Every structure is written in structure tokens, then in C-alpha cells.
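Protein chains: 2
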Amino acid sequence: MQNRKIILASASPRRRELMALAGYEFEIKVSNKEETYRSTEPNEIVKELSLLKASDIAEQVEQKDVIIIGADTVVAYDGKILGKPQSKEDAFRMLKSFQGKKHQVYTGVAILKFDSNGNETVINEAVKTDVYVNSMSDEEILNYIESDNVMDKAGAYGIQGKFAIHIEKIEGDYYNVVGLPISFIYEALK
Amino acid sequence: MQNRKIILASASPRRRELMALAGYEFEIKVSNKEETYRSTEPNEIVKELSLLKASDIAEQVEQKDVIIIGADTVVAYDGKILGKPQSKEDAFRMLKSFQGKKHQVYTGVAILKFDSNGNETVINEAVKTDVYVNSMSDEEILNYIESDNVMDKAGAYGIQGKFAIHIEKIEGDYYNVVGLPISFIYEALK
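Chains as they are written, first to last, in the working numbering: chain A, 769 to 958; chain B, 769 to 958.
No lab work stands behind these hints: they were computed from the structure. Fair warning: this is a prediction, and the values are worked out from it, not measured in the lab. Wrong hints could be hidden among the right ones.
The list makes no distinction among identical chains, and a pair is therefore deemed to hold if it is satisfied within one copy or across any two copies.
[Said to hold, decoys possible] In silico DSSO-like cross-links for lysine-lysine, where the CA-CA straight-line distance does not exceed 27 Å:
| # | residue 1 | residue 2 |
| --- | --- | --- |
| 1 | K921 | K852 |
| 2 | K930 | K797 |
| 3 | K856 | K773 |
| 4 | K881 | K869 |
| 5 | K852 | K773 |
| 6 | K930 | K881 |
| 7 | K896 | K870 |
| 8 | K869 | K896 |
| 9 | K930 | K896 |
| 10 | K870 | K801 |
| 11 | K801 | K921 |
| 12 | K870 | K797 |
| 13 | K848 | K801 |
| 14 | K930 | K958 |
| 15 | K852 | K797 |
| 16 | K864 | K958 |
Model the full structure from these sequences, guided by the hints.
Next up, the structure:
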């Protein structure tokens, strides 16, 4: 598709799998920079964080014939970001808040392209997927919390696991919820 | 969730995986009945075929304390069903027809519930997911055909594989496209 070296600035095994599924050859370099941001809206925050990750890696490599991809995914409800739960009670509160309703998953993507002369082109966007969760009783929420590793998941659920039975529908890219909007990236790299 | 025996009337390994993911214990019995139908619309055809499969299995078992689930999935564009391609040229024509456009995936579901007295309740619905495919050049279509096992796939693509890079978004249940609308089934079995 193109001949520049691709560097994925992410430690996520799911992002790695999606890039491989799409047929890309790439290296992985993980930014250790502290994730601070100034934005206030979820879609702006993920844009900023993805750019921060990609830019940090760009400073560490020779900026010629290389493409650096940063990504950051959040779950948002009512304009607020839901992080990983601090406790099972916290997970219960999160799931209870958005059961029976629509929430958003945003993945910010930063693509830094350096040509053979070192000229840089930047693509920095947030891709949104709406997720509609069916109504859940308290018992169903508790059953789900016991059945999956919710403490490790932003928003206290994973779309790929047992929570699937509670998702009525999505509007957007499924893989964006998994962590990387792979069709967006493919179009941006063409 | 309930204590009746569940029989999945489908040979599909993906349906089996989804039922297991959802936490159900079930047996598999596959109908060998010829798949004939009278309906003309894709959503009606899958309803009819899922019911035919489930009813065929129902005739082979004791109709007490048992739930039989039949399913049939089709890809439809412009009101017509796209089956498995007959040749690579046929796959090219299919993909060319719906690139840059929206098409539908319908899964018909038939759930036959028999209580301890042998009384039957029937749920028979078609679940729709809209799939939006990005514009694709002829070269991209040919590349995809060479990269995946398209001859084995209705509509000449699989949403779980390399075609993901060409899907802009979906509206509906992702797992419905994979072959089983698992949240619909969960709600129907509650």
C-alpha cells in the first residue's frame, strides 16, 4: 500500500492484532510520556492524547520515510469519560448509569507522516461509535461483573466478551470500540 | 437464566462460539431438510428458513422442557440476496455492486420453546444490520478477493477478516453480521 516504515505507538495487543489483520507490517514503540491534556471534551481529549503519544515517538526516531500512528480510546457517557473502575461498586455505578441508554466510544488517532525529505503531514481525528445498551436489572449488572474482568476495562465492559448479550446495536465502526478504527486508518494511509 | 435444555439447530462454528460466549449450555442438532421457501423479501426468507430448520429438529426430539433455536443469515443489496459467489468474477461483481454503498445483513431467528407440558411458544424474527462499505477501486476489490477466502462467504466478504478495512460503519448488532444476534436471543430466552 505504501513503502514507508510504520510505527505503532501503542502497547495494546488488540491494536496490534487489528493492524496485522489489515495486512500492515509495522514496528511497535511505546511512549512512556505522562498522559496529560488540556481539552475538556472526550473527543478532543483522545485527539490530544493520541497526538501526544505519536509525537513522543517521533522525537525518538529518524524523521524520514516513516509513519507514526498514535491512538487513544475512551468510553464516554453524558459527555464525561468513564475510566477503569476503582472497585466493583464503581463498576456497578458505571454500568447502572448507561444501561438502557446510548453512550459513546471515541478513539483518537494521530498519524504523523514523514517523507524522504523529512517533511511532515499530520492527520489527527477522533472517530466516534455510538453503543446502545439494553435495559439491565441490578441482578444482570452484578452477574456481568462477576463473569468478566471488569476492573481492567474502561467503562467496566468489553464489547468482545460476555457483555455482547446486553448490546442492542452500535452505530459506527465496531473495531473503533475494540480500540482502533481500522478502516479510517486504511483510508488515511492510502 | 433458564433450566430447559437448549438445542442449536445450526452447524455454523461461529454461531456455536457466540452461544458459548453468551454463557449458554446447549446441544447441536443440524437439520438436513432442503432449504426451500415461498417468501420473496430477504427478511421474510430468513425468518422462514430459520423456522424450517428449528421445526425440523423439533420433530426429532421429545417436545418437553426444551428450547430449539434456528438461524439463517443472508447478505442483501437492493432487496436481493447475495449468496456465495460462483467464481472470482462473480465475487468481483458482487463487491463492485455495493462498494461505496449501504447493504443489509439479515439473520432470521426461530426460537421454539416447549414447556414441561409440551406447550409451544414460538418467536420468529429477522434482525437487520446495515453495513456501509467505503468506495473501493477495482484494484482494491481484486486485492481483497486474492487476500481472503471469498468463495466461501455469502456476499463475497467476511466482516471479521481483512474486509474490515473497507467497512466505514455498521448500524445494528455486530454479531448479527457474524451470524447470530446474540443480544436478541438473550432477551428472547430471559
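Among all the numbered hints in the text so far, which are the ones the structure does not match? Going through the list in order, the structure violates hints 3, 4, 5, 10 and 12 and respects the others.
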